[in-house]
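Could you put the whole structure together from the sequences, leaning on the hints where they help?
One letter stands for each residue in the lines below.
Protein chains: 2
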Amino acid sequence: MFKKRFSGMLFSIVFGALVFTTSNARAADPLPSWNDGKAKQSIIDFVEKITQPDSPNFIPPAERIATFDNDGCLWTEQPMYFQAFFVFDRVKALAPQHPEWKTQEPFASILKGDIKSALAGGEHSLAQLVMATHAGMTTDEFEKIVTAWITTAKHPKTGKLYTEMVYQPMLEVLAYLRANGFKTFIVSGGGIEFMRPWSERVYGIPPEQVVGSSIKTKYEVRDGKPVLVRLPELNFIDDKEGKPVGIQQHIGRRPVMAFGNSDGDFQMLEWTTSGSGARFGLLVHHTDAQREFAYDRESSVGRLARGLDEAASRGWTVVDMKNDWKQVYP
Amino acid sequence: MFKKRFSGMLFSIVFGALVFTTSNARAADPLPSWNDGKAKQSIIDFVEKITQPDSPNFIPPAERIATFDNDGCLWTEQPMYFQAFFVFDRVKALAPQHPEWKTQEPFASILKGDIKSALAGGEHSLAQLVMATHAGMTTDEFEKIVTAWITTAKHPKTGKLYTEMVYQPMLEVLAYLRANGFKTFIVSGGGIEFMRPWSERVYGIPPEQVVGSSIKTKYEVRDGKPVLVRLPELNFIDDKEGKPVGIQQHIGRRPVMAFGNSDGDFQMLEWTTSGSGARFGLLVHHTDAQREFAYDRESSVGRLARGLDEAASRGWTVVDMKNDWKQVYP
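First to last, the sequence lines map onto chains S and D.
According to the working numbering, the residues represented by the first sequence are 15 to 344, in order.
According to the working numbering, the residues represented by the second sequence are 15 to 344, in order.
Everything labelled a hint here was simulated from the structure, so no lab data went into it.
Everything hinted at is true.
Pairs involving identical chains hold if they fit within one copy or between any two copies, as the list cannot separate such chains.
Think about it this way: if two alpha-carbon atoms lie no more than 35 Å apart in a straight line, the pair counts; the simulated DSBU-like pairs of lysine-lysine are:
1) K230 with K254
2) K63 with K158
3) K254 with K239
4) K239 with K336
5) K232 with K63
6) K254 with K174
7) K158 with K254
8) K239 with K63
9) K230 with K158
10) K52 with K239
11) K232 with K130
If you want it as structure tokens, here you go:
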């Protein structure tokens, strides 16, 4: 009698909490900043389908890899990639040590605030600016420079810190996938060492799960202390056809889910969704001029044309930011 | 009264199991294939020191990165790197499609079984052999080739599968570190795509935690199906000064522990143990001619000289395989 009552109480005390937690978790909306609709439902349906052990679409946790573009997918990329603002700020900060920049392009134009003229030289100008601001220091020094900038610099239009311009609905997707056994990776055209110093704090994505463009580094021992020196030499461009290459180099297996927003992500989604078994591709379509920016086919930053044309036939989800997202920034 | 008795029983039922588990885990030897001694103790002391939250040496789980060389550190590397046996076997398998190899060096010598002559041409010969056997196929095809070979090919001296020639004491270190919150990585001069197909099964190390040497790949769409084609062009050599470079590229933070066995690992250990806070470096010294192989300063494979000279002054642990390991292979 006592035994029975005791077991009953024990059961409800020990397992009652579990039952409550489970039903509570199931009832809670994992994506509260998403409006109910096809986009939100496609994410949830896919995750439920591949995590149920008795489903024919079940994917073991070790294979649950999800890749996310950064610019325009996890944070804003207008009116310019945020890393470009970093470059310009660094040129200004370094100018006193480079008196020759006053007359030397593309630096002279940057110092006058004339970005259009600075970039008139095309890729060559851009490469000069990137190398002058990203190379020549050690990896530890560069990390400190990025950290100091990212925690203080403000976006010219919103006045927010750049890390405050991440998308709340995508933060929820990252957390939801991780809660379902996924490893989440960034696969971005941006600089790998520009993202790593803050990706863990802001996105919960550790440095070892960041893939990006890079310059070469060289190991040196200076006064008995080893350093990695950043060289003014391109190592890898993680964009377009480069994204599947970068994914293979760093991750070594094909993702199950891929999230992007521009034609620079096309091949990543193509590679991901061509794998055998259940796969998922999603493009964020920037349709919200009021809360963020509206752009696609004609934009020089984050151009999205082929993705829009082929998403339906490839079974990719297209997010209509204006209608699918309740909230844009946290 | 009932309440008190009930809580007491509840406590012992619910927490009794935990107490038992904890003391049991503490009593169990995490490294049973290691003889008691300085090497074994140094590993355990380090892990205990950095995992205790109240210790001044505490390292948060996210930063617990441990890197392991593969050849000679996790598995045998004598009389040749195992990947060299793979190359020779592939040359033989591909020979019918390459009648010209009968007279063309270094292939002709390989086909005659004369490895010494085949390698007389030095790095150029080696590069020819590697590219002929590692490039030209897709990444998916190469994975299948490696998997077929590694599950059937036998070591010429022991007759064992190569994956049976992994070191039991090191498997225990890998498991012990993971149980203590570490992420374990391979950082090897060997081919990254040669290790990934079996690293998870054999070492519990997933593909995304394997760093190695690589050739370039190219993304292509063939008949509507995307592939990554392996090109006969070197991408990265993950050896000596390349190891800290590869660690930074793939992991993006400095390891806390590094394990190697040759001077090819010197810079990895130097880079790791020069970091601030508690750090750990270990070299496996091959001293066991009877159960494995004995070699160091004069060996062409896995040469270890500078590491032996400087280990003591740098505070690195040196494992004397003969005396420190109860058992070599599983």
